[in-house]
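Produce the complete structure using the sequences and hints provided.
What follows is each chain in one-letter form.
Protein chains: 2
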Amino acid sequence: MEENINEIKELIENKKMNKLHEKLECINCADFPALFEELDKEQIIVIYRLLSKERAAEVFAELDSDVQEALINSITDKELQNIIDQLFMDDATDLIEEMPANVVKRILKNINSENRKIINELLKYPDDSAGSIMTVEFVDLKENMTVQEAFDRIKKIGLKKETVYNCYVTDAKRKLLGTVELKDLLVAERDELIKDIMDTNTFKVTTVMNKEEVAKMFDKYNFIALPVVDKEERLVGIITIDDAIDVMQDAVAEDFEIMAAMQPTEDSYFKTSIFTHSKNRIVWLLFLMLSSIVTGSIITQYEEAFATIPLLVAFIPMIMGTGGNCGSQSSTLIIRGLATDEIRIKDFFKVWWKEIRVSLIVGIILAVVNGARIMVQYQNLQLAFVVGITLVITAMIAKSLGCILPILAKKLKLDPAIMAAPLITTIVDTCSVLVFFNVAVLIMHI
Amino acid sequence: MEENINEIKELIENKKMNKLHEKLECINCADFPALFEELDKEQIIVIYRLLSKERAAEVFAELDSDVQEALINSITDKELQNIIDQLFMDDATDLIEEMPANVVKRILKNINSENRKIINELLKYPDDSAGSIMTVEFVDLKENMTVQEAFDRIKKIGLKKETVYNCYVTDAKRKLLGTVELKDLLVAERDELIKDIMDTNTFKVTTVMNKEEVAKMFDKYNFIALPVVDKEERLVGIITIDDAIDVMQDAVAEDFEIMAAMQPTEDSYFKTSIFTHSKNRIVWLLFLMLSSIVTGSIITQYEEAFATIPLLVAFIPMIMGTGGNCGSQSSTLIIRGLATDEIRIKDFFKVWWKEIRVSLIVGIILAVVNGARIMVQYQNLQLAFVVGITLVITAMIAKSLGCILPILAKKLKLDPAIMAAPLITTIVDTCSVLVFFNVAVLIMHI
Numbered sequence: 004m005e006e007n008i009n010e011i012k013e014l015i016e017n018k019k020m021n022k023l024h025e026k027l028e029c030i031n032c033a034d035f036p037a038l039f040e041e042l043d044k045e046q047i048i049v050i051y052r053l054l055s056k057e058r059a060a061e062v063f064a065e066l067d068s069d070v071q072e073a074l075i076n077s078i079t080d081k082e083l084q085n086i087i088d089q090l091f092m093d094d095a096t097d098l099i100e101e102m103p104a105n106v107v108k109r110i111l112k113n114i115n116s117e118n119r120k121i122i123n124e125l126l127k128y129p130d131d132s133a134g135s136i137m138t139v140e141f142v143d144l145k146e147n148m149t150v151q152e153a154f155d156r157i158k159k160i161g162l163k164k165e166t167v168y169n170c171y172v173t174d175a176k177r178k179l180l181g182t183v184e185l186k187d188l189l190v191a192e193r194d195e196l197i198k199d200i201m202d203t204n205t206f207k208v209t210t211v212m213n214k215e216e217v218a219k220m221f222d223k224y225n226f227i228a229l230p231v232v233d234k235e236e237r238l239v240g241i242i243t244i245d246d247a248i249d250v251m252q253d254a255v256a257e258d259f260e261i262m263a264a265m266q267p268t269e270d271s272y273f274k275t276s277i278f279t280h281s282k283n284r285i286v287w288l289l290f291l292m293l294s295s296i297v298t299g300s301i302i303t304q305y306e307e308a309f310a311t312i313p314l315l316v317a318f319i320p321m322i323m324g325t326g327g328n329c330g331s332q333s334s335t336l337i338i339r340g341l342a343t344d345e346i347r348i349k350d351f352f353k354v355w356w357k358e359i360r361v362s363l364i365v366g367i368i369l370a371v372v373n374g375a376r377i378m379v380q381y382q383n384l385q386l387a388f389v390v391g392i393t394l395v396i397t398a399m400i401a402k403s404l405g406c407i408l409p410i411l412a413k414k415l416k417l418d419p420a421i422m423a424a425p426l427i428t429t430i431v432d433t434c435s436v437l438v439f440f441n442v443a444v445l446i447m448h449i
Numbered sequence: 004m005e006e007n008i009n010e011i012k013e014l015i016e017n018k019k020m021n022k023l024h025e026k027l028e029c030i031n032c033a034d035f036p037a038l039f040e041e042l043d044k045e046q047i048i049v050i051y052r053l054l055s056k057e058r059a060a061e062v063f064a065e066l067d068s069d070v071q072e073a074l075i076n077s078i079t080d081k082e083l084q085n086i087i088d089q090l091f092m093d094d095a096t097d098l099i100e101e102m103p104a105n106v107v108k109r110i111l112k113n114i115n116s117e118n119r120k121i122i123n124e125l126l127k128y129p130d131d132s133a134g135s136i137m138t139v140e141f142v143d144l145k146e147n148m149t150v151q152e153a154f155d156r157i158k159k160i161g162l163k164k165e166t167v168y169n170c171y172v173t174d175a176k177r178k179l180l181g182t183v184e185l186k187d188l189l190v191a192e193r194d195e196l197i198k199d200i201m202d203t204n205t206f207k208v209t210t211v212m213n214k215e216e217v218a219k220m221f222d223k224y225n226f227i228a229l230p231v232v233d234k235e236e237r238l239v240g241i242i243t244i245d246d247a248i249d250v251m252q253d254a255v256a257e258d259f260e261i262m263a264a265m266q267p268t269e270d271s272y273f274k275t276s277i278f279t280h281s282k283n284r285i286v287w288l289l290f291l292m293l294s295s296i297v298t299g300s301i302i303t304q305y306e307e308a309f310a311t312i313p314l315l316v317a318f319i320p321m322i323m324g325t326g327g328n329c330g331s332q333s334s335t336l337i338i339r340g341l342a343t344d345e346i347r348i349k350d351f352f353k354v355w356w357k358e359i360r361v362s363l364i365v366g367i368i369l370a371v372v373n374g375a376r377i378m379v380q381y382q383n384l385q386l387a388f389v390v391g392i393t394l395v396i397t398a399m400i401a402k403s404l405g406c407i408l409p410i411l412a413k414k415l416k417l418d419p420a421i422m423a424a425p426l427i428t429t430i431v432d433t434c435s436v437l438v439f440f441n442v443a444v445l446i447m448h449i
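Quick mapping for you: the protein sequence lines, in order, are chains A and B.
With our numbering, letter number 354 in the first sequence gets 357, and the count goes up by one each step, no holes.
With our numbering, letter number 116 in the second sequence gets 119, and the count goes up by one each step, no holes.
Dumping the calculated DMTMM-like pairs for lysine to aspartate or glutamate here, alpha-carbon to alpha-carbon at most 20 Å:
1) A:413 <-> A:344
2) B:158 <-> A:194
3) B:219 <-> A:245
4) B:219 <-> B:418
5) A:349 <-> B:40
6) A:274 <-> A:97
To be clear, the hints were calculated from the coordinates, so they are not data collected in a lab.
Here is the structure:
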């Protein structure tokens, strides 16, 4: 790609438009955003005007919203109209959602009334719904069509559609009756009727279904596209695999951010300003910082203990750290398991019992290794026992909380991802310090 | 699904085979694993024998390896042969990789020699290579075929193939010349030549390419399938979108596990025994526990300080916790950015400069809020300053390490995911305690 960029820059500078045109034809639409990042505004427009109508729209859909805005502001109404006409309706809707008001006004002015109506409908679907990611371009067939008629219809309308590999059969009221795959049409005789070859056992989703649930269906059943119906079972759109993959990726990115105690954003790392970065991070940091005051005040209550045996303080970081790590291991596994439907709320006791046994095993190993090291370093059997017992109990508490809290969150219809390492660690800190000093007081008779 | 399961159980018990057969036809192949989980071994075999040949193989490919093994052990050689013949070659290869030796022997005995050869070839590709996830079933065309001949070929061989929507044009030496999409064939005239309609600007991958890189290409370019060529540029297989999605999911699952200080596993949570769970978790726990001894021994060096002002100890959890959270926020963002190619090694200074500024903002806010709380609770301006300065410096160190270490890991060709919260937290703990006591000694003249 890098050599391409340099070559293109040279071609623009030397005004070799024919060569440039040829070169651009070989570049995949999805590579233009990276190319445009390296060029200045005038160069981008020169290149953009060399693209064919179809490719111009496809490239446009791939661009970041700030580049889209800059482009719209530099082209004529006629050019804008061309782009919008060629865009898939779901991409056009996304565009309108992301542009500032003055740009939206100009876009709407340049859309024909039919498309404006469709876009208005699409804009009504909530952000997390299947309706918000569907496209209204699909091939619909009637059950009394012959295979030949179906082919004719696909040829006539289908090739501009986002996917032609699945065709949908509807009745007069647009109710979905079944699906026909293009490959089934291929083997059928030309005069067979669609109703005889269609698959009536059709998977479909509703416009109001959660889009992440829809994405999971794509993953599980290996669909290329899924039909979307409204409340009255009428076919209103389809969701294609590429949009489902985007939903999966966004869901993962969101989970990673929430699990690291941040408010999730849709923007990329570099596109997010330092103030937004700070805002997204400070809320959880403040909350967790203030929560850890509890741990601090527990420690002050044992002032006498560590005044007598100051060495105890040296073990606080190790015990807190190990507890936190034990807890975040479990919570990460459970949160992921819940996200992928591998673990369900009803599995609660099964999971807990498993974590209890695992925590016992790792706790004992940690206690033994650490006991050995304390004996070597301090020859203090009492201390070895205090720390060892604390480690086992802490591991058990940490791993229990690591599975209880995410499942509880799910049960309460909260996002289990908030019960990840940062929050678990803060809670486990309190428990482990409490256990540590109590065990110390008990065994060492302080 | 649940009502389906109960209905099916009843039908088996009452031996209503016709009804059962009908019922089974309506169940998607991907739903059989969930169904089988609820049935006993005999019931599974009854159901399995009612499936058509094609569906039997498809269902088989969806099953977990322990159910596959149980099934193989309960069916005749003839039945086994039927399954293997119908399986896609990549699924057959996966099966052989996962079965114990005695089962593999029986499988190999029941494969025809041609397929055995193909499987042997597939087994040679390393686990993380494109070759290991490709299938050898695809539609290949010649450039001098007409569109009609292409259709005939697709009808003859294509419908058993994993995807017929992309056809590949090869020369006599099987070198890849171009791609023809099925929809392009549809609009072409019957007597047009393939070489006139094929797209020669074909994306392809090599057998040795990393499979995660291949999955990223699917995501970026919205492919349904990608051709795979060997060193001599000969077409040897294709990778389909469903396998690419699996690779993406596995990569994410692996990252989550590594980032929570665990050795990644391929098995599901419940399929993994408690000993394997313990083994996967103990290594990092031990390493991090022993690393935290450093923090402990730093604390012992400041015994005098906290003997004079015991309140200092109460702030250790808060400072360590906040430092850890600051660090894991940054490291999570950077690790994800590196994984999705949004952040590159060359962006190092850009990222660092951003994190420094963010850490300054959040550090100051944390310091002010905490300072106010100390003034209210203890009326101790010195302490407020000590903790405040420590928080700002710790936030800066934590966020710096959170971006430096993952990028450094990538530079050293290590997995950046190991530089996640647990390791960063342990390192930041040491730094923050050191900063805290030094600032305290300096300001409070202890």
